[in-house]
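Peer 1: Sequence:
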Amino acid sequence: MGIETALPDRKGKVFCELPKKTNSRSKRSRRRQRKVFRVQKLYETCKEVFSSCGAGIVPPPGDVEKLASVLNSMKLEDVGLNPEMSCFRTEAPDEAPKITYLHLYECEKFSIGIFCLPPSGVIPLHNHPGMTVFSKLLFGSMHIKSYDWAVGSPCNPSANANPSQIQHPGVQLAKVKVDADFTAPCNSSILYPADGGNMHRFTALTACAVLDVLGPPYSDPEGRDCTYYFDFPFTNFSVDGVSVPEEEREGYAWLQEREKLEDFAVVGAVYNGPMIVEC
1 MGIETALPDR KGKVFCELPK KTNSRSKRSR RRQRKVFRVQ KLYETCKEVF
51 SSCGAGIVPP PGDVEKLASV LNSMKLEDVG LNPEMSCFRT EAPDEAPKIT
101 YLHLYECEKF SIGIFCLPPS GVIPLHNHPG MTVFSKLLFG SMHIKSYDWA
151 VGSPCNPSAN ANPSQIQHPG VQLAKVKVDA DFTAPCNSSI LYPADGGNMH
201 RFTALTACAV LDVLGPPYSD PEGRDCTYYF DFPFTNFSVD GVSVPEEERE
251 GYAWLQEREK LEDFAVVGAV YNGPMIVEC
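Following full-length UniProt numbering, the residues of the sequence shown are numbered contiguously, the last one being 279.
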């Protein structure tokens, strides 16, 4: 699904030769150039930020801030989308809404893509092993719920519970990181390999689009496959040696891996926005 079409070489000549008074076509041309610049700037910033990173390696704080700043400036029109497109409409009211994925770029260091969700569309709870992930809501409203593995879960390196103590195989303790509604325009959310809400679920309150940057991308051969989860209230299960004060239990949940996702459909579509030029 990669799109690697080169752009014409403009080198700023159009801007130099524009008269003071421009017609509507010239204005549209300048707007198109700004869109290309923003997508290209995102790619170039990702290339710089993730150049020395890999699985489990988080970019320095300054680089995280730099990439977040680029994403925060991006809008729906910068990637050639508008809210009237069919991918933002529910086609069959009696079926789970289909999610559309647009692939912009991927290399071994990072990937860039867009999820387009119709109203009530859901991206189920899933993880991002060894990744630093930036998610920018381009338009619309969505609910995000995210978790990190809690102390007391075998997935947490600092856990104080032995895996053999778990009475329900595949169920592990997680702490709620985010449980809130978000409406564009808003800043990017950032999650890290071990914190920041590495496992999250997106639920579209309205039609919406999310621009995702993953560093590094998913890779089955390298052990970075995507795992999906059910989440259950803390009171549903118990583990010897793990206790949470009663007043804090709403901030915890048990996560259990899911094998099948009958109610989740993602369809790929061609990205028709401004192209990224590799450099």
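The set of hints was computed from the structure by calculation and includes no laboratory data.
Even glycine gets a Cβ: it sits at the ideal position worked out from N, Cα and C.
Watch out, some of these pointers could steer you wrong.
[As the list claims (entries may be wrong)] Okay, the calculated beta carbon distance ranges per label pair: (1) 249 x 170: 15 to 25 angstroms; (2) 180 x 261: 21 to 31 angstroms; (3) 86 x 183: 15 to 25 angstroms; (4) 85 x 235: 16 to 26 angstroms; (5) 89 x 180: 18 to 28 angstroms; (6) 249 x 75: 23 to 33 angstroms; (7) 170 x 266: 37 to 47 angstroms; (8) 62 x 91: 38 to 48 angstroms; (9) 41 x 249: 16 to 26 angstroms; (10) 257 x 277: 37 to 47 angstroms; (11) 55 x 206: 14 to 24 angstroms; (12) 194 x 44: 19 to 29 angstroms.
[Claimed, not checked] Below, simulated DSS-like cross-link-like pairs (lysine-lysine); rule was C-alpha separation at most 30 angstroms, straight line: (13) 145 x 66; (14) 109 x 145; (15) 145 x 98; (16) 109 x 66; (17) 47 x 260; (18) 75 x 98; (19) 177 x 98; (20) 109 x 41; (21) 47 x 66; (22) 109 x 47; (23) 109 x 177.
Peer 1: Among all the numbered hints in the text so far, which are the ones the structure does not match?
Peer 2: Of the numbered hints given earlier, those the structure breaks are 4, 6, 7, 9, 11, 17, listed in rising order.
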